[in-house]
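Asks: Given chain X, work out where chain W should sit, using these hints.
Just so you know, the protein sequences line up as chains X and W, in that order. Going by our numbering, the residue at position 436 of the first sequence is 419; the numbering climbs one at a time, nothing skipped. Going by our numbering, the residue at position 562 of the second sequence is 545; the numbering climbs one at a time, nothing skipped.
These are calculated hints, taken from the structure and not from any lab test. Note that the structure is predicted; figures quoted are calculated from it, not measured. Some clues are possibly wrong.
Repeated chains share a single entry, so a pair holds when one copy, or any two copies, can fit it.
What the hints assert, rightly or not - With a straight-line cut-off of 30 Å between C-alpha atoms, the simulated DSS-like cross-links for lysine-lysine are:
#1 K298 with K141
#2 K298 with K280
#3 K298 with K553
#4 K(-13) with K72
#5 K195 with K55
#6 K564 with K141
#7 K235 with K298
#8 K141 with K300
#9 K51 with K(-13)
#10 K(-13) with K195
#11 K113 with K564
#12 K378 with K564
#13 K51 with K534
#14 K382 with K495
#15 K235 with K300
#16 K141 with K553
#17 K280 with K300
#18 K280 with K120
#19 K113 with K496
#20 K141 with K280
#21 K378 with K438
#22 K495 with K113
#23 K235 with K141
#24 K235 with K186
#25 K382 with K534
2 protein chains.
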Amino acid sequence: MVGKLLTVVFEPDGRRVFVSAGMTILEAARRTGVGLRSECGGRGVCGKCRVIVRDQHAVSDITDVERKHLSKVEIECGYRLACQTRVLKDVSIMIPLESRLESIKILTSGFERIVNLDPMVRKVYVALSKPSLTDVKPDFERLSDAVGVVEIDYDVLKILPNILHESNWSVTVVLYGDRIIGVESGDTANEVYGLAVDIGTSKVVCHLMDLKRGETVGVGSMENPQVIHGEDIISRIAYASSDSRNLHELQKLVIDCINNILNGLCGKYGVDSGRIYELLFVGNTAMHHIFLGIQPKYLALSPYTPAIKRPINVKAKDLSININPNGIVSTLPLIAGFVGSDAVADILATGIHEFDGNALLIDIGTNTEIVLGGRDGMICCSCASGPAFEGAHIKHGMKAVSGAIERVKISRGLEVEYSTVDGSKPRGICGSAIIDVVAELFRHGVIDRQGRFNKNIEAQRLRRGESGIEFIIAWASETGVGYDITVTQKDIREVQLAKAAIYSGCSILMGKKGVTEKDIDRIFIAGAFGNYINPENAKVIGLIPDVPIEKIMFVGNAAIAGAKMVLLSKDLRMQAESILKLINYHELAADPNFNNEFMNALPIPHADINRFPSVKELIIHPNI
Amino acid sequence: MVGKLLTVVFEPDGRRVFVSAGMTILEAARRTGVGLRSECGGRGVCGKCRVIVRDQHAVSDITDVERKHLSKVEIECGYRLACQTRVLKDVSIMIPLESRLESIKILTSGFERIVNLDPMVRKVYVALSKPSLTDVKPDFERLSDAVGVVEIDYDVLKILPNILHESNWSVTVVLYGDRIIGVESGDTANEVYGLAVDIGTSKVVCHLMDLKRGETVGVGSMENPQVIHGEDIISRIAYASSDSRNLHELQKLVIDCINNILNGLCGKYGVDSGRIYELLFVGNTAMHHIFLGIQPKYLALSPYTPAIKRPINVKAKDLSININPNGIVSTLPLIAGFVGSDAVADILATGIHEFDGNALLIDIGTNTEIVLGGRDGMICCSCASGPAFEGAHIKHGMKAVSGAIERVKISRGLEVEYSTVDGSKPRGICGSAIIDVVAELFRHGVIDRQGRFNKNIEAQRLRRGESGIEFIIAWASETGVGYDITVTQKDIREVQLAKAAIYSGCSILMGKKGVTEKDIDRIFIAGAFGNYINPENAKVIGLIPDVPIEKIMFVGNAAIAGAKMVLLSKDLRMQAESILKLINYHELAADPNFNNEFMNALPIPHADINRFPSVKELIIHPNI
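One chain only, chain X, in its complex shape (with noise of 0.2 Å):
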């Protein structure tokens, strides 16, 4: 309402921020992501948020707060507490070394971000004054006065009077944000862990967190055990719409398949599960629903509307999460009914809302998620791919585990070389070779661009199976199932479909944004692939849109990197929140080129070979 805005500048670093007069430097620092500790959240009480202004005339004057905590010498040298100095007029911050919050790198497959350390869950310990007849104060307020927060845990109250009298006052105090989620005993304010979980279609992968050190302490993952009622999303929300009863039935076997990870991990690696205060998790909007237990009914009719958007918190023990029972379940939003909160763990892990300029992301599964743009605004849509490139649907298709088949290159002789994962005698083919199989087999000539194979070809690798012809890409002997391993001419359809979708998802999307290929600075390929996807064979076949390789990054699974930032950083967790302003849903199912786009699509790489100029010369002298 009033007032021009003011000019805040951050050193060393100098992040730069435009603020209102009278906002405190702490918020200031908060808006532009600088990583200013504060443990007890902005109330004076901790003493944390030390930071150095020179011209004292900019600022607020100093308070009895600061006072209490900066020696007559500091303050005579600028030091100020973040939390209590306002802003005044344009001014220049410097924040010292011990202010500064410590920064973790968030390492997946191929590329790294840095977040700051700065959990939603922190543990405070303290050791409280008795109350006696001249201090009658009650044992909440007590407690509150000592850690700055005025929201208890219900659960946690009935127990407060005992834990305090029976610890002799000493104890550690577990704050979800501003709330008291965990009074105990002692000083317990080393043990501090969450769950980061990536609830996939076909798979649950659970990353163990210290969030007192920002460290990954152990990684487990199961096959998702609803596949039992359906591999795909439409068969489980199906089977969960028939009756009520099969929705907890899902939604059992979720949890159940968490808590066994979880126990897993916590025995493996010592850790107690009463310490683990936060389960963050990310999956696609349906996975999101039936773990929360919310009717997905409504996901698969059209207009294909989530029950809910913004993130939601729930206590761990009303979803029978054996983490503290008093720990939170916690969501990121949702963007559509088909793109999940995966898809914003994975814009969070790659920065692409950061980023100047318009990425591409691609986070292939069962149903892929296709995001493009950066800072300025971004698109998405979801295609059902179908579950080819995870190794279904597939003849000897398989998961990215052992023995599978995860590069493959065929020479001039379709001669075939191969690797597996770990090295053992190959048992199938995974996604990422499917991709190589199909590109390579077409550079040679063995398929042309409708995907058939070439009756004209005789090899040794080639022959006609019992559903047609199909190539063999590792004899029986060499395997470890006694039986060749093949790809089949209904295999290739299969993978002409799934990218068929994922590529007009994509061109879609950039007719939209009204972008071409030229203007694309980055793709960014996430998923559960075994390792990594050869982004030339990606062109080849026409999965993804025709730029330079160098632009390519393949970021594995992104979706659970990003849950990590989010478990470590509650900044991160606001800019997830921020992304939902940034970001349009495009319903593919309304969109009246769709199947135009499809259908030009299926041919490899593209009915209009001039959207792939690095393919064309393929076409015109095939590798035969």
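Replies: Positioned in the frame of chain X, the structure of chain W alone reads:
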């Protein structure tokens, strides 16, 4: 920080408030307690907070939101929405009739107070637009935008998609403050109920309230079944402390008791218990802790600190209270270990926190709470007065129920006139009559200042009973029990102990505050007496300070009246919290003068007769 305070005057009442520049008119109105409608809580959604601002230069410019809700002519006449309009200069605001909250009179024995009907629980009927492929807003966000709140109960969220689809997008939203706690099919906005509960040590009282109309639907009460584990607080605390199962047993007893009263009320008045959305209870600190399942052990151990003072909310289903499972069980703040939320409710009901002068509030029960002061500050204490005035520990004592003698007059010839509750044959004596009897016996010289029977008096009604002298109030033949109803020497001792405890509490508070009888402008006597205690007799026995009769007001169960007001008015709930800042607790157990004051208060009316000038005459010329 910035700028001087501005004056806002609300017409037609002329209420005045000082605010910082930039505050909305709605916020300013709330600070004064001016009853201004706002069904969306200030989000510009409902358009109900219409006010007239004559000087448009004194406020912020009109917004698009206002243009949506106000006609052109209205805007020309100076109409504005209070939630959208910010105060920039001193200004006078007219609240038109349609924007005023309905005022409700809360009646209790002998006095009434007026509150604005603005309950925490409210219902809003909304007919939502259906989602479509061009409007894919999720269910919750669709609802949230319509009612202007952003929080939803997880249990409600889980059923939201089904309810919205099945009710064809026309639903009634139940709001508790800024949170959605229910969504019901169709229009149920007329059915909004709340329950005010006073959990006394000996009696549980429930008032079923229609929150839409501000009316009392019905009243029910029962003996507190915890009495099987001791009739006083200390016995109950001892029982609860000895085993954690005992605490839960006591908790269950009172919860079952409330559920029983509730079921009776719902049956009798045809109210669906699922349409009761809030239970607000008051009680002493021990009752509060036990009802909430908080260990009360430390309330009985010096320094008698409670677990928490500030109000808390618990979900009804977490306490197994049979109102709507997502309904809220709420509390008022506590003052100290022995001054509970019942005292806060007493203060609210009598309004002494707004009293200009010194009021003395005495809530007589097994524990008696005493508050002295007014708007400029209050002091309070608790005294263990015992249950004599509730009819216990008295040979023929009983509660003020059918057949209880409630008034007694003794003539010069020691003949007795009495009246009973509902006029039936006497079965015993209740607290108000016990006071009468002791006062009358003293008045006629039958007992002396030490409370001893005067052995020199001969009368038919005076006789030596099994345990010393006793006075016959009703002959066996007149009674409904078939034996003489008497008052014994021991009974008089019990009354002396009780009144000495109460008077010494009053006296110590008066001393702490530096006020004498002359400075007391009003005495409020509250408690579960049948109807009324005779203030003259209360003075004669030395129960209350000697102030002119017209300053003494009997207010009955003020605690439940206060609870009802809070159910009906958010403003009163805020006042309850601000009372805590106005009041200081004085621990009698730690007061060095207590024993002396208590000893001096044992005689009738007091060892220092000059404190009771109006009784002095009686001593010189007893009414023999």
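Asks: Hint by hint, say whether it matches the structure.
Replies: Hints and how they fare:
In the homo-oligomer, the alpha carbons of K298 and K141 lie at most 30 Å apart both inside one protomer (16 Å) and across protomers (14 Å), since each shortest distance falls under that limit. Taking the closest pair of Cα atoms, K298 and K280 come within 30 Å of each other both inside a single copy (24 Å) and across two copies (28 Å). Taking the shortest Cα distances, K298 and K553 sit within 30 Å of each other both inside one copy (19 Å) and across copies (28 Å). When the C-alpha separation of K(-13) and K72 is checked against a cutoff of 30 Å, the pair qualifies both within a copy, at 10 Å, and between copies, at 19 Å.
Taking the shortest alpha-carbon separations for K195 and K55, neither the intra-copy value of 32 Å nor the inter-copy value of 59 Å comes in at or below 30 Å. In this assembly of identical chains, the alpha carbons of K564 and K141 lie at most 30 Å apart only when taken from different copies (25 Å versus 40 Å within one copy). In the homo-oligomer, the alpha carbons of K235 and K298 lie at most 30 Å apart both inside one protomer (16 Å) and across protomers (24 Å), since each shortest distance falls under that limit. Taking the closest pair of Cα atoms, K141 and K300 come within 30 Å of each other both inside a single copy (16 Å) and across two copies (16 Å).
With identical chains, the CA atoms of K51 and K(-13) are at most 30 Å apart between copies only, with a shortest distance of 28 Å across copies and 33 Å within one. When the C-alpha separation of K(-13) and K195 is checked against a cutoff of 30 Å, the pair qualifies neither within a copy, at 40 Å, nor between copies, at 45 Å. For the homomeric pair K113 and K564, the shortest alpha-carbon distance between copies (22 Å) is at most 30 Å, but the shortest distance inside one copy (49 Å) is not. When the C-alpha separation of K378 and K564 is checked against a cutoff of 30 Å, the pair qualifies neither within a copy, at 43 Å, nor between copies, at 75 Å.
Proximity of K51 and K534 under a CA criterion of 30 Å is satisfied in neither setting, with 54 Å inside one chain copy and 49 Å between copies. In this homomeric assembly, K382 and K495 never come within 30 Å of each other (Cα to Cα): the closest approach is 34 Å inside a single copy and 80 Å across copies. Proximity of K235 to K300 under the C-alpha cut-off of 30 Å is found in both arrangements, the shortest distances being 13 Å within a copy and 22 Å between copies. In this assembly of identical chains, the alpha carbons of K141 and K553 lie at most 30 Å apart whether taken from the same copy (29 Å) or from different copies (26 Å).
With identical chains, the CA atoms of K280 and K300 are at most 30 Å apart both within one copy (25 Å) and between copies (27 Å). Taking identical chains as interchangeable, the C-alpha atoms of K280 and K120 lie at most 30 Å apart only when they sit on different chains, with a minimum of 16 Å there against 52 Å within one chain. Taking the shortest alpha-carbon separations for K113 and K496, only the inter-copy value of 28 Å comes in at or below 30 Å, while the best intra-copy value is 64 Å. Taking the shortest alpha-carbon separations for K141 and K280, only the inter-copy value of 12 Å comes in at or below 30 Å, while the best intra-copy value is 39 Å.
For a Cα distance limit of 30 Å, the shortest separation of K378 from K438 inside one copy, 21 Å, qualifies, whereas the shortest one across copies, 113 Å, does not. With identical chains, the CA atoms of K495 and K113 are at most 30 Å apart between copies only, with a shortest distance of 26 Å across copies and 66 Å within one. When the C-alpha separation of K235 and K141 is checked against a cutoff of 30 Å, the pair qualifies both within a copy, at 29 Å, and between copies, at 15 Å. Taking identical chains as interchangeable, the C-alpha atoms of K235 and K186 lie at most 30 Å apart only when both belong to the same chain, with a minimum of 15 Å there against 45 Å between chains.
Only within a single protomer do K382 and K534 lie at most 30 Å apart by alpha-carbon distance; the minimum there is 27 Å, versus 87 Å between protomers.
Hints 5, 10, 12, 13, 14, counting from the list given before, are not met by this structure.
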